[in-house]
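A.B. asks: Each chain is listed here by its residues.
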Amino acid sequence: MTVTLFIPCFIDALYPRVGISMVRLLEQLGHRVECPDDIACCGQPAFNSGCWPEARAVAEPVLTGLRNSEVVVVASGSCGAMLKKFYPDLFAGTDRFTEAGVLSGKVWEFSDFLVRGLGVTDVGAKFAAKVTFHDGCHGLRELGIKSSPRKLLERVQSLELIEMADNETCCGFGGTFSAKYPMISTAMGEVKCASAQATGADYIVSNDSSCLMHLQGLLTVRQQPIKTIHLAEILASR
Amino acid sequence: MSAREQILGRIREALRKPAPFPGHGHGGNDEHPGHEHAATPALLDRGGIAQPIIPLRPSVAARPWLPPGGVTHQEQWERFCIASTELKTTVFEFGSIEEAHAKLREMAIAQAWTGVASHHGPLTDAAVTALALPTLFTDGGYPVNDLEKCSVGITECDALVAQTGSILVTSRSTGGRALSVLPPHHLVLARRGQLVPDLGTALEQSKRRYAPDWPSMISFITGPSRTGDIERILVLGAHGPKQLTVFLLP
Amino acid sequence: MTAAHQFLEQARKVTRDLRHRGLIQTALRKYEVKRDEKKRAFPDWESARQAAAEVKWDAINHLDTYLEDFVARLESRGTRVHWASTAAEARDAILGVVRERKAKAIIKSKAMTAEEIHLNDALEKEGYAVVESDLGEYIVQLRHEPPYHIVFPAMHLTRDEISDLFHRELGSAQTREPEELTMIARRVMRQKYITADVGITGANFAVAETGMISITENEGNARLTAALPKTMITLLGIEKVIPALEDLALFLPMLATAGAGQTLTGYNTMYSGPRQAGEADGPEEWHVVLLDNRRTELLADPEQRDALHCIRCGACLNVCPIFKNVGGHTYGTAYSGPIGSVITPHLRGLKDWKHLSGASSLCGACTEACPVKIDLHHHLLQNRRNAVVEDAPILERLAYQLFAMVVNHPTLWQFAKELGRTFQPLHRWVLRSKLDPARAWTATRDIPPMAEMSFKEWWRTRR
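Chains A, B and C supply the protein sequences, listed in that same order. Reminder that position 111 of the first sequence reads as 111 in the working numbering, one-by-one numbering, no gaps. To get the working numbering, take the position in the second sequence, counting from 1, and add 1000. To get the working numbering, take the position in the third sequence, counting from 1, and add 2000.
Be a bit skeptical, because a hint or two may be false.
[Unchecked claim] What the simulated footprint calls covered on chain C by chain A, stretch by stretch (three residues with Cβ under 8 Å from a Cβ of chain A suffice, anywhere in the stretch; the number is not a length):
1) 2006 to 2016
2) 2315 to 2326
3) 2361 to 2369
4) 2396 to 2405
5) 2410 to 2417
6) 2442 to 2454
Bear in mind the hints are in silico, worked out from the structure with no lab data behind them. Even for Gly, the Cβ is constructed at its ideal location relative to N, Cα and C.
Take these sequences, add in the hints, and give me the full structure.
C.D. replies: Put into structure tokens, the structure is as follows:
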């Protein structure tokens, strides 16, 4: 199968290893990977800020660029929800609404694609650490992804998964919310970090790099030992 | 134009645009699938008819999805007792009226009852006679201060609800609005046959009994008066009875 | 100071107050444990939610018919119904009754609608003494504060604070026992019920089929408020209507479970009229005040009409991580939490209240918790969109237009990343200072370094 990877802007610029890990994993599983060069962002920042025309300006090239793809795999639950769930809202009443619907049907979040799309849970990974999994809210509630990442982690050799308390509670990132209401975002992040730390895990794992950026930012400032890592990086570890 | 006409006019104007039927746009997740369930779309086109469409009403369809009340009397009674224990309602089951009256006299001594409030009814009349304490009957009116001084309010009931451990009282059949809440102890005399499985059954039964000439108040009492307003810690007897006792009579 | 400034200031204060956050988070954790236990008693909670949503959809989308039925049946049994388009009209209707009865003492049971129209202020301004009978409401009334939460009005206070308050206001002895504190209030309130000439209540449901209002409470204070005073007044929003009596068999357990983690609330009482012939007690007259106060504006927005399904259980507040970290008073509205953030812009104006829709991470915990399936967090998104349409933030839009231009052109995007890499080392010089352009982020969070080779650069090397 030809898999079109959608690499969100911040993964491209800040966390390329997440994308690289995905390319390697998918190729290892025997799929051809494509990554269109002229798509860089899903438009979520503008969308979540209420600036829908500006969000459409970013989203239209995405619709065009992914028009001929077989399946689209997104490296982030949040951007995945944008493509799958919110593009139809964003384009409702425009002449690209149907196209948004077609794209929506082709979009997968990465971990869910592996487990439910390809039926793979064991990717042959090995990662010797205790980890706790953080559900990004968009992946969890917009896309309904809860068990897929856990199924993948369970099959990683030498890895121990410990669930944290209140594992469905938001970490407080929330996109532009984190900068517009930093005190609330930080308070929520503190609560999340405390829950994660109480597990005694070495790593907070997530399928959403944006949550991890926020959490790692807090942890670094507080000089706390627990680290963050994207699920794909663990799955690509040998 | 009157406020009534204005408001109804605004409502009618607003409703010219239809709203999507519920169940859209909700995620849920793979373990809790949001909206795949038995839908009850009977309401899509009501044509402005305000009579409920039995048996397609969603609330009727929902009965099996709500906490169960039990099928047999035995099951229902067990559920009622379990619910009561949790609620801190005291429950007694008696084989005969005499046993019940003996227990009543025993409680009166143990709790030093000085005065009883009640209403006229076959069960209450017999109980009050057996107690032989000064009694205030609320039927037809009473001085509120006297009711406030009574040690116990003894009432009958319309139903006991197994599902929730509730007692159904009304302003007509059980001595008015205040009798079951003003005295510090509310004691209910119920017959075995008054136990019903759930709230739905209790409401249906009331409807058959009263509609359209309803008592001005019908009330499901579920446990003694309670509050958690201070640090979410349960305290009984916030304003109403601190103690709720149910006697199940043959 | 605008509502938005006030919100930010309060949020800053509460998020720094670890004791305060700890207090409400502990209280809400207790709630969550009980709620989950009670939810498990439902063979199918999700389907029950759907049924509840459908009943409410029916009620709200045929509101005119059901309201007329409700009112006709109420009036046929001697109840006086007042229609109020605005908060002022509702206050006037209630003041009119109170004046006519020459009331000396008024007892009130909990009603969020009364908070919405600032009823107590209006009554007190005219010299009437009003006492809140719900324990939590009484506590916040003594503190001259609005309720902190729509179901748990005094959840932000410790027993010690309440003891101090009672000691100061009522002259009672200090105690650390919640039971003793409750009994102090009980004793005060007993006399108030007996002497009050007017009792004011809210309502949880209005049953069209039978012309009844239904009140849900735990303490018995509404029961007494509706039993002893000679005049009873009930204030409720027009959206409270449900079609049939049997709908209560669905809503009462769901309200109790979602709202407080109970199987059923202590007292669920349906009133269909004043004291009827042959009855022992009850008010001689009953006035029902039906409040619009811009609910019809919300009704006119089909996208968000389902917000009128709300049964005010407070579940969305209880699970909201924003609420748990900024607390109830920060919102500055009668209805706080997610439902408040959704409806306040409709009830009080989008321009002044849009910040509440912005102050959300859109996590969706509220939507998941709502027993009537209101699409809460998506409505927050819609409010943000509507706010931009109504009152465009020019700079923000320009920034997004610029961003669109950059990300849509691979060369510009590449250039932007290189620019970032070049200037990031310089950022260290201003990091966390007043000159730091990213201070909103960096004040509490480290900023991740730009990758030396971006994903796209790596991708190009492979081809």
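A.B. asks: It remains to establish, for every hint, whether it holds in the given structure.
C.D. replies: Okay, the hints, checked on the actual structure:
Counting residues of the region 2006 to 2016 of chain C whose CB falls under 8 Å from any CB of chain A gives 5; the rule of at least 3 is met. For a cut-off of 8 Å, the count of residues in the region 2315 to 2326 of chain C with a CB near a CB of chain A stands at 5, and the three-residue condition holds. Given as covered by chain A, the region 2361 to 2369 of chain C passes the check, having 7 residues with a CB less than 8 Å from a CB of that chain where 3 are the minimum. Evaluation of the coverage hint for the region 2396 to 2405 of chain C: fulfilled, as 6 residues show C-beta separations to chain A shorter than 8 Å, against a requirement of three.
Evaluation of the coverage hint for the region 2410 to 2417 of chain C: fulfilled, as 3 residues show C-beta separations to chain A shorter than 8 Å, against a requirement of three. For the region 2442 to 2454 of chain C, the assignment as covered by chain A holds, since 11 residues bring a beta-carbon within under 8 Å of that chain's beta-carbons and 3 suffice.
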